[in-house]
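Student: These are the residues of each chain, in order.
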Amino acid sequence: MTDFSRRLQDEIPALRRYARFLIRDADRADDLVQDSLERAIVKRRLWHKPESLRPWLFALLRNVYLNQVRRQTRRPTEVPLDQVFPQAGRGEAQTSAVMIGQVMAALDGLEPEQREVLVLVAVEGLQYKEAAMVLGLPMGTVMSRLSRGRERLRRTLTGDSSPTTATLRRIK
Amino acid sequence: MNAAKRSITEQELQAYVDGWLSLSRQAAVEQYLAEHPDDAARMRDYRAQSEAVRAAMRDAQPAVVPERLLRAARGGAAVSRGGWLAQTAAAALLLAVGFGSGWTVYGVVESPRDSWFAGVPADTELLRVATAAHRVYAVEVRHPVEVRAEEEHLMGWLSKRVGRPLGAPDLDRFGFRLMGGRLLPASSGAAAQLMYEDGGGRRISVYIETHPSDNKVAFRFAEEGGLGAFYWLDGRSGFALVGPLQRAELLDLAKAVYQQIEM
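In order, the protein sequences belong to chains A and B.
So the first sequence is numbered by my numbering: it starts at 1 and just counts up by one.
So the second sequence is numbered by my numbering: it starts at 173 and just counts up by one.
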């Protein structure tokens, strides 16, 4: 097996997670991952090695996904996020299952743009410039979506509806 | 608005939450947060949110990677020796080890490595031993370490027994002071545990062992019942940093350990 294939295999869990987050259906998400892996093999020379592989793959997967969405005439019904990522019998953890459920429901209430940035940064550990690359956005936009999304999430969870200073603060 | 507030941007606060700040900026942000409890509370909430989303999405991850995806990643090329059955079995074994012990191991399903054929994957075993040792010794009031940091022969002794030169990472700037170390039994012979404590009495430990075979595994994070751990394999050495800390805080410490311990 080539080094590239080995690296690809290492990224499969992250790709499946991201695909499920986008599509919200496990089988169709795996179809998307398969399409993306096949495309990655074909396009592997376009990946420049010192660059981290994950953002490159995520951008590729996202493009495949957006092309599929464009071809569809009707949007599928959205499954709530906490059903897409159900809580399998968690033991005692730092974060309780109840809190996790609440956070996932609140995450679902965010603007899709904010939600996606948060997931790329907080779950997949992408750097801001990598997230910007995946989403095809300037880094400033990513940063403002991130801080707005986080603050909105926090306010939903704490039941605070007053206007926020943080989201209005200018990002330098 | 004071000088500190103006010098810290919202972008830096976000980077603090995600653990991307340089050490010097991190210190500046921490000082700022110490003086601004509202922002400090906000950052704590953000970190908790991230932990929750991460836990939800990573835990729900289906265990075994379907063969069609593994094949797609291989580019439909001839199946490598061992074949997909061995890979699936290896993945299942890692899951069994990871979850059987109650651990949430992130990024579990991996391609097989040579060391796996020896049985238990080296990195999971490392994680298990390092955290078990932490649980046993971190709670010790009188004898948390075998040899105290003040005794000059500590590192020389551990280096000799573990079989590689060791320097104790300096974690003072994070508020963690070296208490000392001890020798532990490991499958490969002897391993070392260095114990650190901060002003609040929190203890973290650095675990180091050596292996006969060469192996590289990048930073991994795992958590179980209030303990977090970063662990990695680098050549013939394996490392783990264990402590009752959140991921972002532990990551900063792990990076510092990594930078200082590689010689």
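Possibly wrong hints are sitting among the right ones.
[As the list claims (entries may be wrong)] Now the stretches of chain A that chain B is said to cover, found in silico as 3 or more residues with beta-carbon under 8 Å:
1) 63-70
2) 134-148
[Said to hold, decoys possible] List time: in silico BS3-like cross-link candidates among lysine-lysine, alpha-carbon distance up to 30 Å:
3) B/427 - B/332
4) B/388 - B/332
5) B/388 - A/129
6) A/129 - A/43
7) A/49 - B/332
8) B/427 - A/129
9) B/388 - A/49
10) A/129 - A/49
11) A/43 - B/332
12) B/427 - B/388
[Unchecked claim] One-sided and incomplete, this derived list gives chain A residues near chain B with beta-carbon spacing under 7 Å:
13) 5
14) 8
15) 12
16) 17
17) 49
18) 53
19) 55
20) 85
21) 98
Hints were generated in silico from the structure; no laboratory data involved.
Since we're looking at a predicted model, the values are computed, not measured.
The C-beta atom is built at its ideal place from N, Cα and C for all residues, glycine as well.
Student: Need the list of violated hint numbers for this structure, in ascending order.
Tutor: 1, 7, 11, 17, 18, 19, 21
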